[in-house]
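Protein sequences appear in the order of chains A and B. Quick note on numbering: the numbering used here labels position 31 of the first sequence as 31, and the sequence is numbered without any gaps. For any residue, its number in the numbering used here is found by taking its place in the second sequence, counting from 1, and adding 113.
Worth flagging that the hints you see were computed from the coordinates, not collected in a lab. Treat the hints loosely; a few may be bogus.
With a straight-line Cα cutoff of 30 Å, these simulated DSS-like cross-link-like pairs (lysine-lysine) come out [said to hold, decoys possible]:
no., chain 1, residue 1, chain 2, residue 2
1, A, K38, B, K126
2, B, K126, A, K71
3, A, K38, B, K143
4, A, K54, B, K143
A few chain B residues that don't get close to chain A, going by computed Cβ distances all over 10 Å [said to hold, decoys possible]:
no., residue
5, V117
6, Y148
7, R168
8, G169
9, H216
Residues of chain B placed beyond 10 Å of chain A at every Cβ, according to the derived structure [as the list claims (entries may be wrong)]:
no., residue
10, S120
11, Q154
12, F182
13, A205
14, I225
Virtual Cβ for every residue (Gly too), placed ideally from N, Cα, C.
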Amino acid sequence: DQQVKQNSPSLSVQEGRISILNCDYTNSMFDYFLWYKKYPAEGPTFLISISSIKDKNEDGRFTVFLNKSAKHLSLHIVPSQPGDSAVYFCAVVLTSGTYKYIFGTGTRLKVLA
Amino acid sequence: DAGVTQSPTHLIKTRGQQVTLRCSPISGHKSVSWYQQVLGQGPQFIFQYYEKEERGRGNFPDRFSARQFPNYSSELNVNALLLGDSALYLCASSLGSSYQPQHFGDGTRLSIL
Chain A
1 DQQVKQNSPS LSVQEGRISI LNCDYTNSMF DYFLWYKKYP AEGPTFLISI
51 SSIKDKNEDG RFTVFLNKSA KHLSLHIVPS QPGDSAVYFC AVVLTSGTYK
101 YIFGTGTRLK VLA
Chain B
114 DAGVTQSPTH LIKTRGQQVT LRCSPISGHK SVSWYQQVLG QGPQFIFQYY
164 EKEERGRGNF PDRFSARQFP NYSSELNVNA LLLGDSALYL CASSLGSSYQ
214 PQHFGDGTRL SIL
């Protein structure tokens, strides 16, 4: 029973264009959402987060959008750079009741020079 | 400042054995979480400890246990190892519990023969 899904296992984008990574979740009680980036042989690195009371958060080239009614989260990277090539994981957090911190399956982004 | 450090980096065990993995959090971080990552999947939440108390537990059998020490370092123990326990085990630390971004170590690669 996957509570968090990243339906695109891979994505290729030209340098300078926008990268859009998507994440769907099933439980409307999740109250915090994060994106992590992972390079080979390294642990995930935190990128950006958003709480359930907001619908958008920006940090430089990275913007996270939250659509609570659709239970959908997306990460926009503009402009994409070759150094952005990595695996991106969304994560959702339930802080009330039974604590849960659930990662998606990941999307491998390749930015082509 | 040193990041999250995990030891050992690689480990080979046989079925039925027991293993202890170690984690030192970032200085000042009081929360430590453990994750299991198998190939092609996102990290799966095992435990979270905050101020030496267990604050969350994922869907893992009782063969998995952990503890946090007064200096906030942590150990993950796995008993009666199975072939399916072969995975990358990630430790993450954060300032507090709940939704704060987590800082990951590079993991311990555990192989069961």
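To see whether the hints hold, each was checked on the structure:
Pair hint K38(A) plus K126(B) holds up; C-alpha atoms about 27 Å apart against a cutoff of 30 Å. Simply put, K126(B) and K71(A) have alpha-carbon atoms about 41 Å apart, too far for the 30 Å limit, and the pair is violated. With a CA separation close to 23 Å, the supplied pair K38(A) and K143(B) stays within the 30 Å bound. For the hint pairing K54(A) with K143(B), the CA-to-CA distance comes to about 27 Å; that is within 30 Å, so the pair holds.
With a least beta-carbon separation of about 7 Å from chain A, V117(B) fails to lie farther than 10 Å from that chain, contradicting its non-interface assignment. A beta-carbon of chain A comes within 10 Å of the beta-carbon of Y148(B); the shortest separation is about 8 Å. The claim that R168(B) lies off the interface is violated: its Cβ sits roughly 6 Å from the closest Cβ of chain A, which falls inside the 10 Å cut-off. A beta-carbon of chain A comes within 10 Å of the beta-carbon of G169(B); the shortest separation is about 3 Å.
The beta carbon of H216(B) sits about 7 Å from the closest Cβ of chain A, which is not more than 10 Å, so the claim that it is off the interface is violated. With a closest Cβ-Cβ approach of about 14 Å to chain A, S120(B) is found to remain outside the 10 Å limit, as its non-interface label requires. A beta-carbon of chain A is positioned within 10 Å of the beta-carbon of Q154(B); the least distance is around 6 Å. The claim that F182(B) is not at the interface with chain A holds, since no C-beta of that chain comes within 10 Å of its own (minimum 21 Å).
Distance to chain A contradicts A205(B) as a non-interface residue, since its nearest Cβ pair spans about 7 Å, not more than 10 Å. Every CB of chain A lies more than 10 Å from the CB of I225(B), the least distance being 20 Å, so the non-interface label holds.
In this structure, the earlier hints numbered 2, 5, 6, 7, 8, 9, 11, 13 are contradicted, and the remaining ones agree with it.
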